[in-house]
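If you read the protein sequences in the order shown, they are chains A and B.
Position one of the first sequence corresponds to residue 1 (the working numbering), numbered consecutively onward.
Position one of the second sequence corresponds to residue 1 (the working numbering), numbered consecutively onward.
Don't read these hints as lab results, they were simulated from the structure.
Beta carbons are placed, not taken as given, at the ideal position from N, Cα and C, and that holds for glycine.
Cut-off 30 Å, straight-line C-alpha distance, at most; resulting in silico cross-link-like pairs (BS3-like, lysine-lysine):
id	chain 1	residue 1	chain 2	residue 2
1	B	Lys100	A	Lys107
2	B	Lys100	A	Lys66
3	A	Lys41	B	Lys49
4	B	Lys61	A	Lys107
5	A	Lys64	A	Lys41
6	B	Lys49	B	Lys100
7	A	Lys55	A	Lys14
8	A	Lys20	B	Lys100
9	B	Lys100	A	Lys64
If you want the ones that stay clear, here's a sample from chain A, every Cβ over 10 Å from chain B, calculated:
id	residue
10	Gly16
11	Ser54
12	Tyr58
13	Thr80
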Amino acid sequence: GAVVSQHPSWVICKSGTSVKIECRSLDFQATTMFWYRQFPKQSLMLMATSNEGSKATYEQGVEKDKFLINHASLTLSTLTVTSAHPEDSSFYICSAIWASGRGRGAKNIQYFGAGTRLSVL
Amino acid sequence: AQSVTQPDIHITVSEGASLELRCNYSYGATPYLFWYVQSPGQGLQLLLKYFSGDTLVQGIKGFEAEFKRSQSSFNLRKPSVHWSDAAEYFCAVVAGTASKLTFGTGTRLQVTL
Numbered sequence: 001g002a003v004v005s006q007h008p009s010w011v012i013c014k015s016g017t018s019v020k021i022e023c024r025s026l027d028f029q030a031t032t033m034f035w036y037r038q039f040p041k042q043s044l045m046l047m048a049t050s051n052e053g054s055k056a057t058y059e060q061g062v063e064k065d066k067f068l069i070n071h072a073s074l075t076l077s078t079l080t081v082t083s084a085h086p087e088d089s090s091f092y093i094c095s096a097i098w099a100s101g102r103g104r105g106a107k108n109i110q111y112f113g114a115g116t117r118l119s120v121l
Numbered sequence: 001a002q003s004v005t006q007p008d009i010h011i012t013v014s015e016g017a018s019l020e021l022r023c024n025y026s027y028g029a030t031p032y033l034f035w036y037v038q039s040p041g042q043g044l045q046l047l048l049k050y051f052s053g054d055t056l057v058q059g060i061k062g063f064e065a066e067f068k069r070s071q072s073s074f075n076l077r078k079p080s081v082h083w084s085d086a087a088e089y090f091c092a093v094v095a096g097t098a099s100k101l102t103f104g105t106g107t108r109l110q111v112t113l
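Excised from the complex, chain A in its bound form (with noise of 0.2 Å):
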């Protein structure tokens, strides 16, 4: 199957300082990447859509101005955390879309990173 790349996999910052967090399809091009955050024994929450090339979408809920999403090429999306404080500390896990055929023909596979462990002091 196809590689996702995420780095790094886990960081410990300061309250008030950003992070970010890099997402890298090693082995194809996504036009479509999506972050998600996951708390201790829950399911994954999608924060939002990242699209090469154009502005993020994100879910209901999620603060744009604190989660900055850039999609700046095919390969690669990141996610800073600004002005991180304790309660963004959680476990972040971006996805890249792996497209079989196009148009509503499309039969889209999402593959995974590693996931990045955030911890805010």
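Dock chain B against the given chain A, drawing on the hints supplied.
Below, chain B alone, put in the same frame as chain A:
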């Protein structure tokens, strides 16, 4: 809107025993269905997927799943579980063209030796 239900929060099976994890979906048309597995502290790995055609799909690690339209189900099975299968399993559905996944709440599998 589509939804996914995984009725079993936690399942414990003995190594070597068979396994079935339940998944029910709600969607008006034929959905695209997926099973993912997540080990602790890791991302999600795709086990298998259903788009169309044969309703019994084979995946990696010896897993299979059967799509049953009449029951709106997509249950995951494995004939003989290994201790390394202990993980969290998520069923997911994609509806429409947005490619967004709707996840179930997950089933935690524990394997006893």
